[in-house]
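Number of protein chains: 2
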Amino acid sequence: MPDTVNRQILLVEKPAGKLGREHFKLVEGRMPEPKDGEALLHVRYISLDAANRAWMHGATYRSAVEANTVMAGGGIAEVVSSKAPGLKPGDIVFGDTGWQDYAAVPAKHLSKMPRLEPMTHLLSVYGIAGLTAYFGLLDVGKPRTGETVVVSAAAGSVGSIVGQIAKIKGCRVVGIAGGKDKCHWLTSELGFDTAVDYKDGATFKALRAAAPKGIDVYFDNVGGDILEACIAQMNLNGRIACCGAISQYDGVPSAHGPRGVPGLIVVKRLTMQGFIVMDYMDRRDAALADLQSWVASGKLKVQEDVINGIENTPQALIGLLAGENRGKRMVKV
Amino acid sequence: MPDTVNRQILLVEKPAGKLGREHFKLVEGRMPEPKDGEALLHVRYISLDAANRAWMHGATYRSAVEANTVMAGGGIAEVVSSKAPGLKPGDIVFGDTGWQDYAAVPAKHLSKMPRLEPMTHLLSVYGIAGLTAYFGLLDVGKPRTGETVVVSAAAGSVGSIVGQIAKIKGCRVVGIAGGKDKCHWLTSELGFDTAVDYKDGATFKALRAAAPKGIDVYFDNVGGDILEACIAQMNLNGRIACCGAISQYDGVPSAHGPRGVPGLIVVKRLTMQGFIVMDYMDRRDAALADLQSWVASGKLKVQEDVINGIENTPQALIGLLAGENRGKRMVKV
Chain A
28 MPDTVNRQIL
38 LVEKPAGKLG
48 REHFKLVEGR
58 MPEPKDGEAL
68 LHVRYISLDA
78 ANRAWMHGAT
88 YRSAVEANTV
98 MAGGGIAEVV
108 SSKAPGLKPG
118 DIVFGDTGWQ
128 DYAAVPAKHL
138 SKMPRLEPMT
148 HLLSVYGIAG
158 LTAYFGLLDV
168 GKPRTGETVV
178 VSAAAGSVGS
188 IVGQIAKIKG
198 CRVVGIAGGK
208 DKCHWLTSEL
218 GFDTAVDYKD
228 GATFKALRAA
238 APKGIDVYFD
248 NVGGDILEAC
258 IAQMNLNGRI
268 ACCGAISQYD
278 GVPSAHGPRG
288 VPGLIVVKRL
298 TMQGFIVMDY
308 MDRRDAALAD
318 LQSWVASGKL
328 KVQEDVINGI
338 ENTPQALIGL
348 LAGENRGKRM
358 VKV
Chain B
28 MPDTVNRQIL
38 LVEKPAGKLG
48 REHFKLVEGR
58 MPEPKDGEAL
68 LHVRYISLDA
78 ANRAWMHGAT
88 YRSAVEANTV
98 MAGGGIAEVV
108 SSKAPGLKPG
118 DIVFGDTGWQ
128 DYAAVPAKHL
138 SKMPRLEPMT
148 HLLSVYGIAG
158 LTAYFGLLDV
168 GKPRTGETVV
178 VSAAAGSVGS
188 IVGQIAKIKG
198 CRVVGIAGGK
208 DKCHWLTSEL
218 GFDTAVDYKD
228 GATFKALRAA
238 APKGIDVYFD
248 NVGGDILEAC
258 IAQMNLNGRI
268 ACCGAISQYD
278 GVPSAHGPRG
288 VPGLIVVKRL
298 TMQGFIVMDY
308 MDRRDAALAD
318 LQSWVASGKL
328 KVQEDVINGI
338 ENTPQALIGL
348 LAGENRGKRM
358 VKV
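Residue numbers (this note's numbering), protein chains in the order written: chain A, 28 to 360; chain B, 28 to 360.
Calculated from the structure, these hints are not laboratory results.
This structure is a prediction, so every number in the text was calculated from the model and none was measured.
Treat the hints with caution; some may be incorrect.
Identical copies look the same in the list; a pair holds intra-copy or inter-copy alike.
Stated by the list, open to error - For lysine-lysine, the following BS3-like pairs were computed, each having C-alpha atoms within a straight-line distance of at most 30 Å:
#1 41 with 232
#2 240 with 135
#3 326 with 240
#4 232 with 110
#5 45 with 115
#6 240 with 62
#7 135 with 207
#8 328 with 62
#9 52 with 226
#10 326 with 359
#11 207 with 110
#12 135 with 326
#13 52 with 62
#14 169 with 41
#15 328 with 115
#16 52 with 194
#17 359 with 115
#18 169 with 115
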């Protein structure tokens, strides 16, 4: 029998400005009892995502997280017991478990995952991050061989995969990331053609030098000034895949959008398209088959950043928002 | 033989702020001689378009207009003489004739038009305006029966046709226009379901009342605050057809784009797509066939605003930028 103590991290207050450790509290609750249709889960890995922070602003593609509740978040978990058909003890699932040891979750909100090693890959390349990169780049960005693809937050969980898939598709790939080390890693380890360090200042000029023929596809994880710089350098009929706006999440969002909207959108016939990976789940198996073959052949390198201990989850998110991770960050519970 | 005097309107200076009559000058030049490959044209109708003003800011989808040259602009003209195969005296053509009586233009930059009455329809419903409305709404906006379509500058040349096509396609149609009279005209004459007067203030609230189920397709002619209000009220998977940004043309363009970009684009999976009608010209005949059948059956009403005398062209453009026209404005030379 599992321990009946359930460590939980509560969001005690919604941050008005920057997120800090004071906004969270570790408490010990009781192990929940699954109701009919639910499974009792033992959480193994908690996914850290910039979206965790965005949920604190209000309803997005999910309802807002509320103060004094267990912090929401995706996780990989093992079924302990089940009152739902189709799930049995030992099954591995992905779902919004929240930041806690144990959760009782309706089976209809869970995705059954294959047992594979390392299990962490279910949160990185074969999880939301990998699928977001895959569908966002290929279905929304629609890169063609020889085109220039730019991706921001390029050293992050999604960006690092976007850039590698774009290379597999024969594109010239420019990554935008914060810091020399990350930039060096993108080009030396992941095969990006070049990288722009946005912390170096003069991002617009550096981008111009990195993409001298202009940008055909921009995979936007950040919004804000970097989006503005990219819009100005897009080629005719360019596509912008709008995946997220990390620059706007931690603090007070900008009161304005990027210059050039809609003027440059019209003149250059650009398409800006937002997407959510959930909308593509009917094609998940085909995407996973591609991702698995690229990983097996060594064309796609998987970078993970695993932090130990549920008590470190708040700091792991705060650090992720500050850009300290490389690849997919998660907490081993 | 035609008169050999060629009245021309020069742009004497690019406006720093609002466009005024002082930026133009009427001069008498000489009738040009066509070179090989060119046709000598007698201009019959000059098209007035908000884009005329946008060209003064710099290169767009065409090169910028320059000071002390004949003001650029589209027109319907009759071929006087031709040194180009495929064009003969008496042919009717559309092209960038500029604001003048006579122009010598390379045949490859001209579109041969059918002889039909009234000839003015070649600039309105069967011209750039009608085709822009047709392709922008149907190919970019992709409205489905029962959806809510909002169009700004709804009493203008493009907007008035967009709204009527959307009605033909079974949509609920909301027009945004300036002034009670225009709004009344949209609903009583053109069949729009409702209209919002942006000069009334409180556009956001009025739009909410006019589109209580949210907006599925927004055909944007204006950019700026109205685009921002629409983005905030778009439904999931909504489409914004970016046709122009009239609000930004006459004066100093806004230093920022609309709030909600890219945040709401992501969360609501919106698509914002810019387009230029020239990109669709391979399907012009099919579009014209539809437009002609709708006009013939009375489903599509054509509104034109014809001003007499080339000397009135500057004031006609200044007035158009101030929103005084209803339907397609043009000058009879």
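Numbers of the earlier hints that this structure fails to satisfy, in rising order: 4, 5, 6, 7, 8, 9, 11, 12, 14, 15, 16, 18
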